[in-house]
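K.L.:
The chain contents come next:
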Amino acid sequence: MENQFLIDSDELTPEALERKHRLENDPSSRTNHMEYMEGQEVIKSDIREKVMSAVESYDPSVYKANDVMRALQKQNLSVEDLKALLSPAAEPFLEQMAERARIETRKHFGNTVYLFTPLYIANYCENYCVYCGFNCYNKIRRMKLDMEQIEHEMKVIADSGMEEILILTGESRAMSDVKYIGEACKLARKYFRMVGVEIYPVNVEDYRYLHECGVDYVTVFQETYDTEKYETLHLMGHKRVWPYRFDAQERALMGGMRGVAGSALLGLSDFRKDALASALHMYYLQRKYPHAEISLSCPRLRPIINNGKINPRDVGEKQLCQILCAYRIFLPFAGITVSSRESAQFRNGIVKIAATKISAGVSTGIGDHESKYTGKECDAEGDEQFEINDGRSFKQMYSDMSGEGLQPVLNDYLYV
Amino acid sequence: MENDKLVIAGHEFTSRFILGSGKYSLSLIEAAVKYAGAEIITCAVRRANTKEHENILDFIPKGVTLLPNTSGARNADEAVRIARLARELGCGDFVKIEIMRDTKYLLPDNAETVRATEILAKEGFIVMPYMYPDLNTARDLVNAGAATVMPLASPIGSNKGLATKDFIQILIDEIDLPIIVDAGIGRPSQACEAMEMGAAAVMSNTALATAGDLPAMAEAFRKAVEAGRQAYLSGLGRVLVRGAAPSDTLTGFLRD
Numbered sequence: 002m003e004n005q006f007l008i009d010s011d012e013l014t015p016e017a018l019e020r021k022h023r024l025e026n027d028p029s030s031r032t033n034h035m036e037y038m039e040g041q042e043v044i045k046s047d048i049r050e051k052v053m054s055a056v057e058s059y060d061p062s063v064y065k066a067n068d069v070m071r072a073l074q075k076q077n078l079s080v081e082d083l084k085a086l087l088s089p090a091a092e093p094f095l096e097q098m099a100e101r102a103r104i105e106t107r108k109h110f111g112n113t114v115y116l117f118t119p120l121y122i123a124n125y126c127e128n129y130c131v132y133c134g135f136n137c138y139n140k141i142r143r144m145k146l147d148m149e150q151i152e153h154e155m156k157v158i159a160d161s162g163m164e165e166i167l168i169l170t171g172e173s174r175a176m177s178d179v180k181y182i183g184e185a186c187k188l189a190r191k192y193f194r195m196v197g198v199e200i201y202p203v204n205v206e207d208y209r210y211l212h213e214c215g216v217d218y219v220t221v222f223q224e225t226y227d228t229e230k231y232e233t234l235h236l237m238g239h240k241r242v243w244p245y246r247f248d249a250q251e252r253a254l255m256g257g258m259r260g261v262a263g264s265a266l267l268g269l270s271d272f273r274k275d276a277l278a279s280a281l282h283m284y285y286l287q288r289k290y291p292h293a294e295i296s297l298s299c300p301r302l303r304p305i306i307n308n309g310k311i312n313p314r315d316v317g318e319k320q321l322c323q324i325l326c327a328y329r330i331f332l333p334f335a336g337i338t339v340s341s342r343e344s345a346q347f348r349n350g351i352v353k354i355a356a357t358k359i360s361a362g363v364s365t366g367i368g369d370h371e372s373k374y375t376g377k378e379c380d381a382e383g384d385e386q387f388e389i390n391d392g393r394s395f396k397q398m399y400s401d402m403s404g405e406g407l408q409p410v411l412n413d414y415l416y417v
Numbered sequence: 393m394e395n396d397k398l399v400i401a402g403h404e405f406t407s408r409f410i411l412g413s414g415k416y417s418l419s420l421i422e423a424a425v426k427y428a429g430a431e432i433i434t435c436a437v438r439r440a441n442t443k444e445h446e447n448i449l450d451f452i453p454k455g456v457t458l459l460p461n462t463s464g465a466r467n468a469d470e471a472v473r474i475a476r477l478a479r480e481l482g483c484g485d486f487v488k489i490e491i492m493r494d495t496k497y498l499l500p501d502n503a504e505t506v507r508a509t510e511i512l513a514k515e516g517f518i519v520m521p522y523m524y525p526d527l528n529t530a531r532d533l534v535n536a537g538a539a540t541v542m543p544l545a546s547p548i549g550s551n552k553g554l555a556t557k558d559f560i561q562i563l564i565d566e567i568d569l570p571i572i573v574d575a576g577i578g579r580p581s582q583a584c585e586a587m588e589m590g591a592a593a594v595m596s597n598t599a600l601a602t603a604g605d606l607p608a609m610a611e612a613f614r615k616a617v618e619a620g621r622q623a624y625l626s627g628l629g630r631v632l633v634r635g636a637a638p639s640d641t642l643t644g645f646l647r648d
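Chains A and B, in that order, are what the protein sequence lines are.
For what it's worth, the working numbering labels the leading residue of the first sequence as 2, then goes sequentially.
For what it's worth, the working numbering labels the leading residue of the second sequence as 393, then goes sequentially.
Extracted from the complex, chain B is given alone in its bound form (with noise of 0.2 Å):
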């Protein structure tokens, strides 16, 4: 475990919980992001995009990754601009791309997706796509430059945890690039499943947002996320279907 690195596009982390920012009192970021242990902290480009009133900024602590996503962006066209505008905004080189044409589930674009991540990932962004599991997408996203693929657990906001659960085992089966799982997760124990399938990490906002406690929330988060983590690496225990393993194997009369 203790060497054990989050590495996106050379970028090493030690946590592998990544925190949304957009839905709780600007005042309780530092405490999640201190109890959550996270190193990357998502923000929206269009909540940044305000005067001096506040700014969400602002209050992201300092050593912390700043990962600006493009919601609010319908198409391609829409999110490259959004990201260029981040990167004016001195937000840095990392991107998450979100795409939607849907306004109630909030589903994310894939085709328009790959389109965004290829000509962000030429003009030099570490792009982070956020995309519904698709396999043919995926590799679609590594082959635009993607630098990780971050596959939807459930729909965004819905706490629903991973209802597109053998999908994203698809993904992180066959795509050589980190799978971070994103939106849908609103309970530890969803977030500790995640990394016991081989996720690289796993990203939430609500959960921690509706919870009673935020920072005891987001302590119960890097919890989950370590232990699952550390479950994966140890190789977790056998799953037999079919009960006990038989004393007698079918194949034991074999001679040679």
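Only chain A is shown next, with the shape it has when bound in the complex (with noise of 0.2 Å):
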């Protein structure tokens, strides 16, 4: 099923509407995504060569059952076997796949499975992504909380037993600027021992003094790889520019971050392609930043606010397993985190197979964890970036982690 993005909110003046169909519907209206855009800092690297030329260079109806077998009995994974695993080819040995993650999971992390939530502080945003619900152009209802709402938040949350905290913003430096997000990471410090974000990219001197306000680790999710779809979906502001994005990562680890993670989302353009471009970016890091923590993610698309049609496309669960296992065999060190965004029954299933990481208690709203875990009425809350599916409280989800024979981990980690 293709995806219907372009939804018009009623609130529009005419010049905006005029302006966002304009944006839509006329290429040239738009700039080159390409491009820096003033105050980007441009570093050297040779990692998104690497990663593009054997994008590029990927046909995955070439791989057969034979390169699948081959990849599978292993002990290193060259990048052919990557792609091998992430063909076609590679969907009727899933169960293999299975086995052999699930055997290097185990290796590296035993039967532990971390936990951690998200802290949206605020959901304004300047970007037009279409799918997306914080787009600048979707009608929800905007907040951005002050210190004291964000204490209040993490208190909540902290009573809840959580121990990790991933902050997160809409993509606005205007309305959440990085001094803002660098008081609420001191305060998160105050509640949790890992603190982590997912904002918009910034430069090395903005990841560094992150890190000096207590955050150790950095996610940016690319959205996809595909650079001519990637034009196409985020029309207008500063992650219009594809390349700063993809070098934040690096950016992150130059400004002295621990440990960085990425993906693409699931969904918007050739998924074979984007998974094998997201593990890769992965490697490459590592490679060129072997102190560096490196973790995959694997959002699929979900619903939002106002447009109830955005869905997966082709990927189904059986294509992301096929992909998390994938990763897992590739990369057998790194972390892998598995969102809010897919079901229960696939979370369970996963965590034993490929996942290391689960978030609990999600709200992707802003300021309604009180309301979410007390059920107390709160006056203002923003709204949802879109729709979870695995709702389950801490609570539940470290009894039911327990239930599935998996040691629940709520830190391993030390600020030093």
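Hints in this document: simulated from the structure, not taken from any laboratory.
Among the clues, some could well be false.
[To be verified] What follows is a set of in silico ranges between Cβ atoms, one per label pair, in the way DEER data are often shown:
#1 A:Asp47 <-> B:Tyr497: 20 to 26 Å
#2 B:Lys552 <-> A:Glu100: 31 to 37 Å
#3 A:Arg71 <-> B:Asp640: 53 to 59 Å
#4 A:Gln74 <-> B:Leu481: 30 to 36 Å
The beta-carbon is built from N, C-alpha and C at its ideal position, and this holds for glycine as well.
Each of the two chains sits in its own frame; use the hints to bring them together as a complex.
P.N.:
Quick look at the structure:
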């Protein structure tokens, strides 16, 4: 099923609507997505070229069952082996892939599973990304928490037992600048043992500042590595610049962060190529920065407010499982996070095969943890980025994971 | 065998099997300790850096010596800070130095390990450094004040066994401190082999964590380590390179 992304809000002025339609329909009205905007730092790096040359030459249809079997028998897989495992030829080998993935996961992580929760502190956004609930043309309740509200949210989350937090914002430098995010992170250090951010990409100096504020992990989603497709989905705003986003993790490591995470948003373009690019992006980063902890995610498209029809197209659960097994076998040491975009059943299964970290007690809205955790009414809340699927609380998740024979781990980290 | 003790900085232990704790359910730690007969158990300080919810330290049985490790440290300074934190947390004076700046193989950084050992030994820690089996580094560790030397058998979690066997043997032969083989031991037979070589002790985590029946595997390791130690103490039989010994010796013609 193809996605119909474009939705008009009845609250837009005629001028805004006209501009929106022009961006959507007239490619010449859009800026060059491969050109850096003013203030965006350019770093010297060969990672992009390495990843993209492998992706551009990838033809999933040429791989055969033999290639898959050969890959599964090898101890250390080459890029070619990874390509085979991500190809349609590997689909009949899903069970064997899962068996191998499970062995690797157990070897490197034992039976542990890490738990975390995201905290959205603002949903203002300056980008027009057609599939995202926060996009600047989508009519939603906007909100930015002040420090008092942030602290209140953190208390509610910390009281639930959670020790790792991921701080998120919409991508608006004007409404949520780096200083604001840094102050939120300093607060987070008071309540949580481990703090990560998933915010708009910034320059090395800003990552260094955030690291000093207590952040050690940076997640950036490339959305799609298909630059042409990317251009048609990210129509306006700084996020439109594809290469600046690509280099974000590397800038974060240059700024002193301990670890980085990334992935494509599966369902936007050819998922096999995007999965290959995601894995290689992290692979080459770790090769260049051997001390870096790398982690992969695997988000699939989800419905958003005002557009319930958005779906992950041809990426079914089997395909998602295939991708995650391929990631695990190719990168046995990498963290793999599976978010609440996926169902409870899928997450219960995948943590036994490949995933090492899952979220719990999730809200993608703003300032609504108290109402979601305790049922207490709150006056002002900001709307969600997307609809979650697995709504289990921290407590429920902890007991479910124990019930699956896994050891939930709330923290395995020290800020040094 | 009865009076055979593992002595680390004056502390005596009967068991020569050191247990890891990070890769299996907290509820199994007690059984693992019991069946393995372990008297020392390692625990990552970063893993113990948690609030009241199921702290791993609470699951370590009384009477067992806790060996906190500095995993997560990327250089000597970080290892030193983690070791000091361990002491503040009440983990005692033992510390296992683990310094990795490679997240793929988790291979230790020998140079930084020597540096951290020197600082921590001066602060009164009983320092047990994890290292890549290199004789020069081992000598540096001795001079830096290490209590033991802990060479890796193969990469952590690989279960590949004694890939560095010949180099570990050199350490056993040349270093006067206890040599404790750490990392990569995947089977009881490999643990036994390390002990036959003269290792003072063996450490394992993944091999137990990935076993079908953890307590049973813990017991298998205990027996293997004991068997290997006994064989070492008994003096292994000669293994002749070229078959049987000749009855007519090559030097029989010599008259005085």
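K.L.:
Hint by hint, which ones does this structure get wrong, listed from lowest number up?
P.N.:
Result: hints 2 and 4 break, sorted rising.
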